[in-house]
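A.B. asks: Chain residues, written in single-letter form:
There are 4 protein chains.
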Amino acid sequence: MAAVTLFKYPVASPADSSPLSKLQEEGYSPTDVVALIGKTEGNGCVNDFSRTLAAHVWESKLPPSAVTVFSGGTEGVLSPHISFLVRTKESTGLVACSGHTRDFAPHEVGTETQSRDVATTISKMIINAGIEKEDVSLVLIKCPLLTSTDIEQIRATGQTPITADTYESMARSRYASAIGIALALGEIQAEVAPAALSLKENTVWSSRASCSSGAELKNCHIMVLARDKSGGKGRLRAKSGYMEDAMDSKVILDMLADIKEENGKVVQVFVKAEADPTGSIRGKRHTMNTDSDIHSTRHARAAVGGLVAGLVGDSTVYVSGGGEGQGPPGGGSLCIVYECE
Amino acid sequence: MAAVTLFKYPVASPADSSPLSKLQEEGYSPTDVVALIGKTEGNGCVNDFSRTLAAHVWESKLPPSAVTVFSGGTEGVLSPHISFLVRTKESTGLVACSGHTRDFAPHEVGTETQSRDVATTISKMIINAGIEKEDVSLVLIKCPLLTSTDIEQIRATGQTPITADTYESMARSRYASAIGIALALGEIQAEVAPAALSLKENTVWSSRASCSSGAELKNCHIMVLARDKSGGKGRLRAKSGYMEDAMDSKVILDMLADIKEENGKVVQVFVKAEADPTGSIRGKRHTMNTDSDIHSTRHARAAVGGLVAGLVGDSTVYVSGGGEGQGPPGGGSLCIVYECE
Amino acid sequence: MAAVTLFKYPVASPADSSPLSKLQEEGYSPTDVVALIGKTEGNGCVNDFSRTLAAHVWESKLPPSAVTVFSGGTEGVLSPHISFLVRTKESTGLVACSGHTRDFAPHEVGTETQSRDVATTISKMIINAGIEKEDVSLVLIKCPLLTSTDIEQIRATGQTPITADTYESMARSRYASAIGIALALGEIQAEVAPAALSLKENTVWSSRASCSSGAELKNCHIMVLARDKSGGKGRLRAKSGYMEDAMDSKVILDMLADIKEENGKVVQVFVKAEADPTGSIRGKRHTMNTDSDIHSTRHARAAVGGLVAGLVGDSTVYVSGGGEGQGPPGGGSLCIVYECE
Amino acid sequence: MAAVTLFKYPVASPADSSPLSKLQEEGYSPTDVVALIGKTEGNGCVNDFSRTLAAHVWESKLPPSAVTVFSGGTEGVLSPHISFLVRTKESTGLVACSGHTRDFAPHEVGTETQSRDVATTISKMIINAGIEKEDVSLVLIKCPLLTSTDIEQIRATGQTPITADTYESMARSRYASAIGIALALGEIQAEVAPAALSLKENTVWSSRASCSSGAELKNCHIMVLARDKSGGKGRLRAKSGYMEDAMDSKVILDMLADIKEENGKVVQVFVKAEADPTGSIRGKRHTMNTDSDIHSTRHARAAVGGLVAGLVGDSTVYVSGGGEGQGPPGGGSLCIVYECE
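Protein chains in written order, with my numbering: chain A, 4 to 344; chain B, 4 to 344; chain C, 4 to 344; chain D, 4 to 344.
This is chain A alone, in the form it adopts within the complex (with noise of 0.2 Å):
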């Protein structure tokens, strides 16, 4: 079991690995560190290369133990920034543990071969570290896309991708993670899974799931965070909710209105951000579907990313762009970590 603490660090670029020199200015070495989140300034989307340029950049300089997650998209206020889940050797209130599938081949991805291979992996680590499934707070996923390459591989197999579309590619891969995250975490059974995807609506979902799809890698990069129950209530604390919608300000509220009041100060929220599905918020209609220049994950994380940087006062917050199983259709998972003296 391993505790954690976390520090957060703007970066200049998705290039900018100087927050390594913080850390060890902090008393940690690289080894320490059990999982990188980032948040880089692409698109978030298929061809977002800041995510792969930071990929690059930083698994140089990280064990090869550590997971690294970058979601793409700082879009609106938000601002391009790590965190490090580091470990401690003293007791926080928080511990987490990281780990990976194998390379998933690409009429795989975003089927139940991979939810039920992310579900496999998380039991497998979370048993390893000790961490009871109730504890967990949250589950981040890094999961691959399908480029026009592998959509041709595919095809040259005689085999049917799970879809032809590249970016839609990116919401399947995500919901399959989610999936595999609800399974792992005891919230559904295995048997929905296999209806779950093939319905490809998010009608199943975990408010503990958070998963971001990209092209720079093959395999499932996860990251589990969890309350350490030994270590009583902890300096370090977590809050897990969802938001029911991409205007939910009041589950915001409340969550820093308790946070207050236990003396907290928010160290980062995560959270996932969403078009609605039905092309309407509180019954009125939003473009973010029919909006041909700029897609819907671009739109959800700026509207998120406003409202939760506004509420925080903090723009490096992780919002990621969309929410298929993770939080309720239209909103979307929320985590947010906390520090009381």
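Calculated from the structure, these hints are not laboratory results.
Please note that the accuracy of each hint is not assured.
Listing some non-contacts, in silico: residues in chain C with all C-beta distances to chain D over 12 Å [what the hints assert, rightly or not]:
(1) Thr-91
(2) Asp-120
(3) Gly-189
(4) Arg-238
Straight-line alpha carbon distances no greater than 30 Å define the calculated DSBU-like cross-link-like pairs of lysine-lysine that follow [said to hold, decoys possible]:
(5) B:Lys-25 <-> B:Lys-64
(6) B:Lys-253 <-> A:Lys-253
(7) A:Lys-64 <-> D:Lys-221
(8) A:Lys-287 <-> B:Lys-25
(9) C:Lys-25 <-> D:Lys-287
(10) D:Lys-236 <-> D:Lys-263
(11) B:Lys-64 <-> C:Lys-221
(12) C:Lys-242 <-> C:Lys-253
(13) B:Lys-287 <-> A:Lys-242
(14) A:Lys-287 <-> B:Lys-263
(15) D:Lys-253 <-> D:Lys-232
(16) B:Lys-253 <-> A:Lys-11
(17) C:Lys-221 <-> B:Lys-25
(18) A:Lys-253 <-> B:Lys-242
(19) C:Lys-11 <-> D:Lys-287
(20) C:Lys-236 <-> C:Lys-136
None of the values given here were measured: they were computed from a predicted structure.
Think of the CB as a built atom: it goes at the ideal place given N, C-alpha and C, for glycine as much as any other residue.
Assemble the complex: chain A is given as a structure, and chains B, C and D must be docked to it using the hints.
C.D. replies: The following block gives chains B, C and D in isolation, referenced to the frame of chain A:
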């Protein structure tokens, strides 16, 4: 002095004029309309034909005395809608008047000439309407921009366009209009205007100005909303202020708290949004000014729209992008119209 | 049988109807117009209001018997313009007719029903006009798409939309229309249509089909251009063929050489463009299907427009994006109208 | 004097360095590389991290003497690829040399200082390499741009940035570099440079200049390609010229005809593309400068890329956007490298 009330309706498209029949169901006729203020779903930039379409459809249905102000861009959760400002027989607490300048020649757009003509027009309008400067809550302006054709026309006459960048011409025109408002409201002296404009910086600003540019007109459409002193406090009220930056939730929460105390209900919010020109907000880098895929005004509307809609619980709010001279740099003017029992 | 001639004019904006007076200077009246075919300057995708604006402006000025076909997207060097197909008293060498289907319900868009109705309508049109299938040079169709609202309407009735992606609905509608054209021209048998549509692949295609989708209509607008057998070779002629891929300069150069040999002068080019669905052209990877900032139809119009305009020496050519069933996959149908002395 | 040959390879992504092993199969080592010239698949604008990623991956694999020039943007049919210019033992008909200026401070970017330093560097390079000015076929430069951070840094020192618009800074830097090339090649006199730059118009131009800006470097990377006088006509040859406008198929067809006559085979095309700054081409309006969704350099690359790739039958051509000072306004410099038996 025209007492006014405000009716707000969602629209199914920029060409949707069905709200007119709803207005009639309320007992009003098109001839009662002082101004029609809409958010249309285009990109809000140079080639936003959703504004032109709305203007085409609506201007034939309204009296010549009414002005239209269509602001493009419903990024994120924002919802396309229109607001009628309608003349009422009985006092409501708010008064309004509308008017327009002469058509500007392309070489005048964004210049001191525009500022001066806007100032003169507003001054006449409010004198005629019996409105005192200090009672003005909001001056809303729709102003022209420069297309490639306009720029060539300027050059053909041997003159130098204020900018050769069509997108930047929108900012220059908004700023010239805002300076005009500040002049008319007595917030700055005439001597300051040329310097302010030549600096190309929004060092001079009015928190009661809201300006939006478009290719759909050659003159400036102007709407003034003010407190009706004669009518006591009235059923309808307006609060003016400004967001210090695009993350300023405090001013909104404070205003909403005040309104709640008056047992008020928000009717409409008029707010300006822009990317901080320094490239950072509260010391953290934003990427709105280095994103070559999405113009900064679109980012800003999405983010501020997310914040305002989330806090007010309404996505049919008027969030307009590009705040030059309309609130402090990086922030924006803010006006909330509300109704008390 | 209506002999027709073609007049082509640049436009200053989608709302520019000044070509009507130029048509009158040529001695024609609006009632002579069989079809108005325009390229407008929007994104050519779901939220292209330049098309809707043009339709609004023009449809009130033309007789009900005339159809409009506005294709959005003048990427690259392409220039916004309109072409009138006008009825002439004397034979010209070309004949044309126009018509439209009934309005389609949202759940019919992109389905066999649309194909069948298009086929039936074209069949009736050409029989009435005395046109033989084999004399048809080009069938131009404007067809509907699915907005978020349409998709919700379909779901509200318990049905499944052909796609939940508004941009993809454009492709499905174009393909259904193209299959309808192939059926009407006897190029495929009715039995093939459902299989072709269900495969969602453009395995069946007609080199005389050119289809474009839009939110501005609910039915299909159809224009048929054909050789006038009765009129001998005529002053006006048309050549039909297809580009094998988006780089196929050979077919264009060959046609232009043939036309030169006939002492002909190009009047207009109608060509379809698309990103090769395999993600590569002539064995080299293209990035049109992985670019999440610009939709592939925009890329394809720009590239093919650059080639065609460059070779013909005219940027007011009709290059339309999305070639499903309209020429071979990755290529597109091609029709050059030219005039001989 | 370094005789060179050119090897060209497609790449699977900006991070794909597999061409290095192909180069080795040809019998060359990384130390033989004089310059690596690539087209990467980002937006080619300010936030194009595909260039930075490629630079990161490649610069560690090449000797310090080699320069990299990554030009972003493979719009339309263009295909991502890299070209090695490699030193050969035997003369080939072409020689090349590479070098770079010192790093520029942000306030120097786009100024006469940049022009002068570029000119001086080139002059030294070609003298050292024994190349005569008149034998130069192409000077390729990668030069810096201004980010928001750079602009603030300039302001912090009380200076005024050459522009506050990050995208426009790319044009200013390209133009300053092009003026430097023209100076070095003796095409203009030193007295002309400041005036040309201050006019901000591309009135001075060189048909042998090709400049591209990026955030991935602070200095200018320079590659000069020239005719080897000592080697007779040689197997490798280069033709320099320019497109009069973005539709100039004639110059390309003429060059291709000449090459055919020499029994030559095109190896690579280097061409610059830009939206005509007047807003029209051959008297017809284009919309590249009023499209607020896609920057004009992207449009121009797609269109000229479509024309060049179509005519040459090869989509791995080097088409770079933004032709300020690199060919006539609206056109662009053109250099075809070809091989004869």
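A.B. asks: All the hints need checking, so say for each whether the structure fits it.
C.D. replies: Hints and how they fare:
no. : hint                    : verdict
1   : Thr-91                  : 26 Å, holds
2   : Asp-120                 : 34 Å, holds
3   : Gly-189                 : 32 Å, holds
4   : Arg-238                 : 25 Å, holds
5   : B:Lys-25 <-> B:Lys-64   : 14 Å, holds
6   : B:Lys-253 <-> A:Lys-253 : 15 Å, holds
7   : A:Lys-64 <-> D:Lys-221  : 24 Å, holds
8   : A:Lys-287 <-> B:Lys-25  : 17 Å, holds
9   : C:Lys-25 <-> D:Lys-287  : 17 Å, holds
10  : D:Lys-236 <-> D:Lys-263 : 16 Å, holds
11  : B:Lys-64 <-> C:Lys-221  : 24 Å, holds
12  : C:Lys-242 <-> C:Lys-253 : 15 Å, holds
13  : B:Lys-287 <-> A:Lys-242 : 25 Å, holds
14  : A:Lys-287 <-> B:Lys-263 : 24 Å, holds
15  : D:Lys-253 <-> D:Lys-232 : 29 Å, holds
16  : B:Lys-253 <-> A:Lys-11  : 24 Å, holds
17  : C:Lys-221 <-> B:Lys-25  : 25 Å, holds
18  : A:Lys-253 <-> B:Lys-242 : 23 Å, holds
19  : C:Lys-11 <-> D:Lys-287  : 12 Å, holds
20  : C:Lys-236 <-> C:Lys-136 : 17 Å, holds
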